[in-house]
Amino acid sequence: MVAFIITLPVNLQAQLVTGCIVILLIVFLKMFAPEGVPRMVALALGVAMVSRYVYWRTTSTLPPMEELANFIPAMLLYCAEMYSVALMALSLFVVSSPQPPRTAPVIAPGREPTVDIFVPSYNEDAGLLATTLAAASAIDYPRDRFTVWLLDDGGTDQKCEQHDLAAAREAQMRRETLTELCRELGVNYLTRPRNEHAKAGNLNHGLAHSSGELIVVFDADHAPARPFLRETIGYFNEDPRLFLVQTPHFFINPDPVERSLDTWRRMPSENEMFYGVIQRGLDRWGGAFFCGSAAVLRREALKETDGFAHSSITEDCETALTLHARGWHSVYVDTPLIAGLQPETFASFIGQRSRWAQGMYQILRFHFPLFRSGLTVAQRICYMSSILFWFFPISRAIFLVSPFFYLFFSLEIFNGSGAEFVAYTAVYLLINLFIQSYLYGKYRWPWFSELYEYIQTVYLLPALLSVMINPKKPTFKVTSKGETIDENRISEIGIPFFVIFVIQIAAVFVTFWRIATEPYAADITIVVGMWNLLNLIISGCALGVVSEKAAKRHSQRMAITRRCSLLIDGVEVPAIIDDVSMGGVRVRTELPSEATARVGMHAVVRITPPDDCISDTLPVLVRNVARDDGVVVLGTQFNAKTAAHYQLIADLIFANADEWKKFQAGRRKNPGVLRGTVMFVMMAGFQTLRGLAYVTQLERLTRRFAPGLFAGAHGR
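Counting from 1, position 321 in the sequence shown corresponds to residue 321 in full-length UniProt numbering; the numbering is continuous, with no gaps.
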């Protein structure tokens with residue numbers, strides 16, 4: 001019956017009307033909660049129409065094999081489309097019924113398992129580490145039941161004894177500084193002889209020197225909220241075969257795309273679709289996997305596999321796959337319990353994503369989940385969905401260049417009329433958009449997936465091809481965090497996006513020329529021209545992404561309300577902290593007439609300290625002063641000098657995760673397909689102009705890029 005419906009021959013008018021009815025039904029179903037029967041009906045309708053498109057595309061649109069010049073690019077496009085359809089099918093299975101929110105099991109007093117908290121580090125500065133370690137030390141859990149470890153790969157014997165004397169001395173000083181910091185914070189400092197197997201090797205060295213029943217992993221820039229263990233540990237008492245409790249990664253700064261486009265405070269972050277929907281879907285099928293940080297793991301399970309896996313550069317997913325295959329279970333807790341930092345620059349962002357893409361291919365190559373014994377069928381599908389996603393640079397590149405095959409070289413990449421395109425392809429694309437909006441609308445707005453994939457494709461494609469040729473070549477590279485951009489600039493890896501944009505503009509002119517000179521093929525030319533125009537809109541928005549803005553502040557503010565007192569100009573007055581960031585606090589107060597506040601003054605903020613903190617005073621530096629109806633508002637910068645100061649900073653920022661939840665909830669609004677599309681097009685237009693304005697500053701451009709370009713360099 002299903003096959004009959006999919007293959008039923010109908011005229012173009014009937015196909016178009018059916019497609020429109022399905023779209024209207026999906027819109028109607030959005031009026032109900034996206035769960036249960038309405039969710040299944042929406043997915044079934046979408047799958048039926050997509051299947052009809054696949055049947056038509058396979059049987060009616062491919063050129064003859066004898067015409068190789070047409071057949072090869074046409075098959076490339078067809079394969080890219082079928083990859084997208086297959087990935088869509090896998091994704092729909094994964095998110096068909098996401099796990100509802102969980103309630104943390106309560107741990108009976110005296111039954112708390114022992115915990116080792118690992119903070120692996122490589123090149124992060126002491127200030128960043130101090131904040132994370134202070135937050136980890138302040139977790140709400142019996143103090144004699146957990147131990148915090150700094151696992152320092154930046155101060156290994158190998159680094160301290162290297163032949164480069166300056167680098168060796170830097171490593172030695174780092175070791176000394178961090179050893180003293182850990183002593184002040186009551187944290188164990190641990191390094192190792194050699195930097196072997198990157199992060200996985202560092203974690204395994206920590207395993208060998210600790211004994212806790214459970215292992216918590218926090219990246220160096222991931223500071224936990226106080227209730228982290230209370231919200232996660234209880235699950236291990238309920239299930240003796242549980243090896244992992246994973247929590248989402250919440251970030252207190254925008255990624256380079258959000259910062260350039262100024263969307264961070266009003267639109268869901270790119271990772272929220274994964275942590276808000278996909279991980280919940282994976283959890284429903286027993287396939288939630290380790291994401292490298294913000295997770296709790298059982299030591300007993302890790303012993304079965306000799307610790308964390310290290311045959312790929314994504315040790316987290318590989319470790320989870322190995323343990324799932326051995327019959328261990330995982331749980332995903334959809335509550336933000338850590339706050340971390342994202343890469344500040346576009347180049348660092350691409351470096352991070354390149355590692356993820358290469359690591360996922362290595363897992364596919366070395367562990368092929370589809371045939372991995374021990375996994376359930378659902379788990380195999382879940383892992384294949386997560387891994388195959390990272391092949392998007394190949395399909396995205398094909399979608400980008402395919403219009404050029406027709407417009408510039410007159411190759412027939414698609415046999416069909418304009419009417420057939422509207423009845424089948426346009427309907428397929430619209431249904432795809434509406435299904436995405438139905439499933440992910442609160443977590444991912446229309447066209448932003450396409451934007452993120454496009455900006456990554458230019459550099460992830462060669463990275464992916466490289467690991468395919470030599471799967472063992474990639475090495476683990478630490479993502480840079482805490483960088484700053486001091487001036488408006490074009491990213492050091494941004495030039496290719498301007499080149500692509502120029503080619504697409506040329507294709508627009510060719511489209512009009514071909515319509516005028518070849519009116520008999522105008523319908524297909526218009527279709528391909530519209531396709532190129534869509535690519536151009538996305539490409540134009542990408543110009544804004546790589547046109548990086550100077551950072552006004554090193555970290556973003558989070559609203560809080562906390563009473564304190566302010567000691568300034570020799571007087572102490574009551575005050576309120578309005579917001580806090582990794583860099584400082586904003587304080588409101590009423591100063592007496594004999595006191596003044598000026599930029600550059602030193603002051604002290606006094607707050608009620610956490611129980612284990614030996615100080616209640618935090619030195620700050622006044623950075624700006626504003627007055628409003630007799631109230632003085634001070635923007636201040638932390639001037640931390642001791643471990644106790646970092647404990648207070650951690651308490652201000654990370655003690656309570658409720659503000660993080662409110663912040664996320666405030667951004668999770670579904671704009672719908674139509675409104676979301678209009679918003680994206682308007683944003684793309686503005687960002688195109690902004691990017692072109694950056695590039696027309698020829699003197700700055702030449703000064704920044706010419707030496708690197710002529711030397712064949714990849715960046716500064």
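Bear in mind the hints are in silico, worked out from the structure with no lab data behind them. Note that the structure is predicted; figures quoted are calculated from it, not measured. Treat the hints with care, since some could be wrong.
Unchecked claim - Straight-line Cα separation of at most 30 Å, DSSO-like style, residue types lysine-lysine; simulated pairs:
| # | residue 1 | residue 2 |
| --- | --- | --- |
| 1 | K473 | K549 |
| 2 | K669 | K549 |
| 3 | K303 | K30 |
| 4 | K472 | K303 |
| 5 | K477 | K549 |
| 6 | K303 | K442 |
| 7 | K661 | K472 |
| 8 | K473 | K303 |
| 9 | K442 | K30 |
| 10 | K477 | K30 |
| 11 | K641 | K472 |
| 12 | K641 | K442 |
| 13 | K549 | K472 |
| 14 | K641 | K30 |
| 15 | K669 | K30 |
Hints, one by one, checked against the model:
1. K473 to K549: 34 Å, violated
2. K669 to K549: It holds: about 26 Å lies between the C-alpha atoms, which stays within 30 Å.
3. K303 to K30: Given pair K303, K30 is violated - Cα atoms ~47 Å apart, limit 30 Å.
4. K472 to K303: Judged against 30 Å, a Cα distance of about 25 Å means the pair holds.
5. K477 to K549: Holds - the C-alpha atoms of K549 and K477 are around 25 Å apart, at most 30 Å.
6. K303 to K442: Since the Cα atoms of K303 and K442 sit roughly 40 Å apart, the hinted pair is violated (cutoff 30 Å).
7. K661 to K472: Given that 30 Å is the threshold and the Cα spacing comes to 40 Å, the pair is violated.
8. K473 to K303: 28 Å, holds
9. K442 to K30: 12 Å, holds
10. K477 to K30: It is violated: about 43 Å lies between the C-alpha atoms, which goes past 30 Å.
11. K641 to K472: The given pair, whose Cα atoms are some 44 Å apart, is violated under the 30 Å limit.
12. K641 to K442: 42 Å, violated
13. K549 to K472: 37 Å, violated
14. K641 to K30: Violated. K641 to K30 sits at ~54 Å, over the 30 Å cutoff.
15. K669 to K30: Judged against 30 Å, a Cα distance of about 13 Å means the pair holds.
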